[in-house]
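Novice: Residue numbers (full-length UniProt numbering), protein chains in the order written: chain L, 1 to 260; chain D, 1 to 352.
Among these hints, one or two may not hold up.
As the list claims (entries may be wrong) - Just a sample of chain D residues kept apart from chain L, beta carbon distances all over 12 Å, derived: (1) Asp5; (2) Arg71; (3) Pro152; (4) Asp158; (5) Leu198; (6) Ser199; (7) Asn208; (8) Ala288; (9) Glu313; (10) Pro331.
To be verified - Under 8 Å between C-beta atoms, here's a sample of chain D residues computed to sit facing chain L: (11) Phe52; (12) Pro69; (13) Pro72; (14) Ile77; (15) Phe87; (16) Val102; (17) Met126.
These are calculated hints, taken from the structure and not from any lab test. This one's a predicted model, so the numbers in the text were calculated from it and none came from an experiment. Positions of the beta carbon are idealized from the N, C-alpha and C atoms, including for glycine.
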Amino acid sequence: MTRPAAWVALVLGLLYFVIPLWGMAEFSLRMRRGVYSLDAYGSVLANPEFQRTFGFSVLMAVVTILVGVLLVVPTAYWVRLRMPRLRPVVEFITLLPLVIPAIVIAFGYIRLYNTGSWLPLTGTAGGANVLLLMGYTMLALPYMYRAVDTGLASVDVRTLTEASQSLGAGWGTILGRVILPNVVVAVLSGAFLTFAIVIGEFTFAALLDRPAFGPFMQRVGEDSAYEPSALAVIAFAITWACMGLIGLVTRTQKHTRAGA
Amino acid sequence: MAYLDILNLQKSFGANRVVRDFSLPIDKGEFVSLLGPSGCGKTTVLRMVAGFETPDEGAIRIEGRDVVPLRPNQRNIGMVFQSYALFPNLTVAGNVGFGLKVAGVAGAETRARVAEMLELIGLPEMGGRYPFQLSGGQQQRVALARALAPRPRVLLLDEPLSALDAKVRVRLRGEIREIQRRLGITTIFVTHDQEEALSISDRVVVMNGGVADQVGTPFAIYNQPATPFVAGFVGALTPIEATVVDPRAGTVSSGGMVMHLGRALPMAAGTVVPIALRPESVRLGREAGREIVLPATARAVEFMGSVIRIRAEAGGQSFLLDTFNRADAPPPQPGEPVEISFSGRDVIVIGG
Chain L
1 MTRPAAWVAL VLGLLYFVIP LWGMAEFSLR MRRGVYSLDA YGSVLANPEF QRTFGFSVLM
61 AVVTILVGVL LVVPTAYWVR LRMPRLRPVV EFITLLPLVI PAIVIAFGYI RLYNTGSWLP
121 LTGTAGGANV LLLMGYTMLA LPYMYRAVDT GLASVDVRTL TEASQSLGAG WGTILGRVIL
181 PNVVVAVLSG AFLTFAIVIG EFTFAALLDR PAFGPFMQRV GEDSAYEPSA LAVIAFAITW
241 ACMGLIGLVT RTQKHTRAGA
Chain D
1 MAYLDILNLQ KSFGANRVVR DFSLPIDKGE FVSLLGPSGC GKTTVLRMVA GFETPDEGAI
61 RIEGRDVVPL RPNQRNIGMV FQSYALFPNL TVAGNVGFGL KVAGVAGAET RARVAEMLEL
121 IGLPEMGGRY PFQLSGGQQQ RVALARALAP RPRVLLLDEP LSALDAKVRV RLRGEIREIQ
181 RRLGITTIFV THDQEEALSI SDRVVVMNGG VADQVGTPFA IYNQPATPFV AGFVGALTPI
241 EATVVDPRAG TVSSGGMVMH LGRALPMAAG TVVPIALRPE SVRLGREAGR EIVLPATARA
301 VEFMGSVIRI RAEAGGQSFL LDTFNRADAP PPQPGEPVEI SFSGRDVIVI GG
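Turn these sequences into a full structure, and let the hints steer you where they fit.
Specialist: Okay, structure coming up:
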């Protein structure tokens with residue numbers, strides 16, 4: 001491809017992404033006739049349902065991140081340390097959520113854990129929250145696992161483990177004080193991606209009837225004109241902030257240049 | 001009873017037997033090197049002592065107690081790795097104090113011990129730095145301090161100098177030996193570098209194919225090699241095949257050349273015996289006390305600075321000889337006729 005053609009392709013690509021975003025952002029500012037204003041944003045932010053659903057989704061995101069870290073870090077560590085041959089299998093399993101639609105999993109949950117089952121999780125709000133958490137953890141699994149596994153690849157897991165053991169450390173100390181701090185940037189990358197996924201997730205929350213931010217956005221979209229655009233801009237801003245934080249954390253890490 | 005007693009260790013990985021019937025008693029405060037080529041089993045022995053590998057058979061006793069059933073973190077054995085293995089997220093002081101913190105030692109005591117260790121390795125001002133801010137040699141010294149801080153019963157060094165450049169290596173090996181002597185800590189050092197092993201150790205174990213071919217002082221290993229492998233692996237030499245002429249008088253012959261070794265030989269006349277000459281035993285030109293003089297041709301000349309290594313050929317036999325560099329006496333050119341001389345007393349009888 002010649003240089004001008006490459007530029008044309010780049011500009012076309014950028015326009016493809018930017019024009020709808022720009023259009024949406026511009027539309028979200030036109031609630032007041034004739035002038036640009038932040039009325040739509042004010043209306044959204046003042047909506048008590050926004051605060052409630054957003055708060056719920058933030059809480060779910062935080063818990064999902066915690067569960068994800070507790071599940072993924074020891075697994076990825078153990079696979080690298082003791083079962084390197086199983087790595088492709090585990091990677092394949094963690095990628096499954098990308099090919100199995102969330103709606104299939106949600107229906108599976110509802111069928112397995114309905115009120116007539118041996119574990120009627122859908123019968124109570126708490127139980128449904130647990131199912132939602134499981135669903136979110138699974139949705140975030142490909143991102144969390146890849147991020148942590150990449151982080152582990154950059155440290156000499158085996159030698160650091162052996163060094164810790166020879167200094168008297170048990171598994172808890174090794175994971176908590178040696179492995180986790182050395183993959184903290186990777187864990188945070190996974191955490192921010194998880195946060196972005198959970199905040200915008202619709203299928204699980206809607207089917208399990210939980211008061212999350214995704215279904216709220218959909219409801220607002222049914223009833224109003226300008227507010228949905230404002231909400232979409234807010235959602236994008238959250239995602240971008242997460243991406244920015246990944247970059248910021250990576251850059252400010254004191255020992256990122258350190259090898260094993 | 002030895003302080004650290006390694007008894008009949010066996011270890012296989014699948015069908016591959018990497019350690020065979022390995023036994024080694026080590027006294028308290030002794031510095032023993034395991035020397036051998038890659039795959040000889042030396043690192044596996046070290047890892048079994050550390051607890052990272054479990055022997056198929058055998059025992060490892062420290063002060064009379066078998067440590068094989070213990071996990072690595074229960075053995076109180078310090079280890080230094082080839083790749084330093086410092087914790088990148090901790091400062092130098094954090095690294096050195098890690099073992100003490102794990103053991104639940106009080107903060108003030110840990111700080112005092114860390115300061116003492118940093119003083120010991122000559123880096124008293126470096127406590128606040130991170131590993132990536134240190135040179136390779138400094139990192140390895142910190143790794144040594146970290147291993148020593150919890151006062152281990154045994155110190156294991158797994159090729160700790162291999163990743164360093166030549167000058168730092170020589171300096172650091174001297175420092176390691178000095179610290180080891182000062183603390184009197186029982187140490188096993190694994191290396192494939194024979195010069196390193198000979199220069200630093202009380203005793204050297206030369207390993208080959210999972211077996212200890214020879215255990216002895218550096219002097220004995222170098223001058224009385226027990227097997228052709230030890231002779232060939234430790235130092236350079238000229239191997240010669242000779243026939244015993246008179247065992248009581250210590251006379252052998254090779255290619256018409258008769259050599260009086262000056263000591264009786266424990267084999268019958270007519271036995272073919274492998275003998276060898278170290279390069280430093282052979283001289284360029286005639287010299288008093290070196291009764292065997294051979295006309296030869298210089299074939300290769302390797303200038304190594306203070307020493308010049310020459311390969312000369314005499315009667316179809318290749319000889320290696322070392323001569324000190326002298327500014328007023330340039331070495332011969334390849335192809336140049338020379339005379340070489342040596343004494344029968346300098347001949348090494350391999351396994352004799």
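Novice: Take the hints in turn and mark each one as holding or not.
Specialist: Quick rundown of the hints versus the structure:
Separation of Asp5(D) from chain L is adequate, the least Cβ-Cβ distance of about 20 Å exceeding the 12 Å criterion. A cut-off of 12 Å between C-beta atoms contradicts the statement that Arg71(D) is not in contact with chain L; the least separation is 7 Å. Separation of Pro152(D) from chain L is inadequate, the least Cβ-Cβ distance of about 8 Å not exceeding the 12 Å criterion. With a cut of 12 Å on Cβ distances, Asp158(D) falls inside the contact zone with chain L, its closest approach being about 10 Å.
Chain L leaves Leu198(D) outside its interface by the beta-carbon criterion, the shortest separation being 27 Å against a cut-off of 12 Å. Annotated as non-interface, Ser199(D) keeps its C-beta farther than 12 Å from every C-beta of chain L; the closest such distance is 26 Å. Asn208(D), annotated as away from the interface, keeps every beta carbon of chain L farther than 12 Å; the closest lies near 26 Å. Against chain L, the non-interface label of Ala288(D) holds: every CB pair exceeds 12 Å, the least being about 56 Å.
Residue-level check passed: Glu313(D) sits 48 Å from the nearest beta carbon of chain L, beyond 12 Å. Look at Pro331(D): its CB is around 44 Å from the nearest CB on chain L, clear of 12 Å, so calling it non-interface holds up. Residue-level restraint check for Phe52(D) holds (minimum Cβ-Cβ distance to chain L is 6 Å; threshold 8 Å). Annotation: Pro69(D) was flagged as interfacial toward chain L, and the flag is violated, the nearest CB pair being 15 Å apart, outside 8 Å.
Interface restraint check: Pro72(D) against chain L, minimum CB-CB distance 4 Å, threshold 8 Å, status holds. Checking Ile77(D) against chain L by beta carbon gives a least distance of about 6 Å; that is within 8 Å, so the hint holds. Taking 8 Å as the C-beta cut-off, the interface hint given for Phe87(D) holds, the closest approach to chain L being about 6 Å. Because the smallest distance between the Cβ of Val102(D) and any Cβ of chain L comes to about 5 Å, under 8 Å, the interface hint for this residue holds.
Because the closest C-beta pair between Met126(D) and chain L is about 15 Å apart, greater than 8 Å, the hint is violated.
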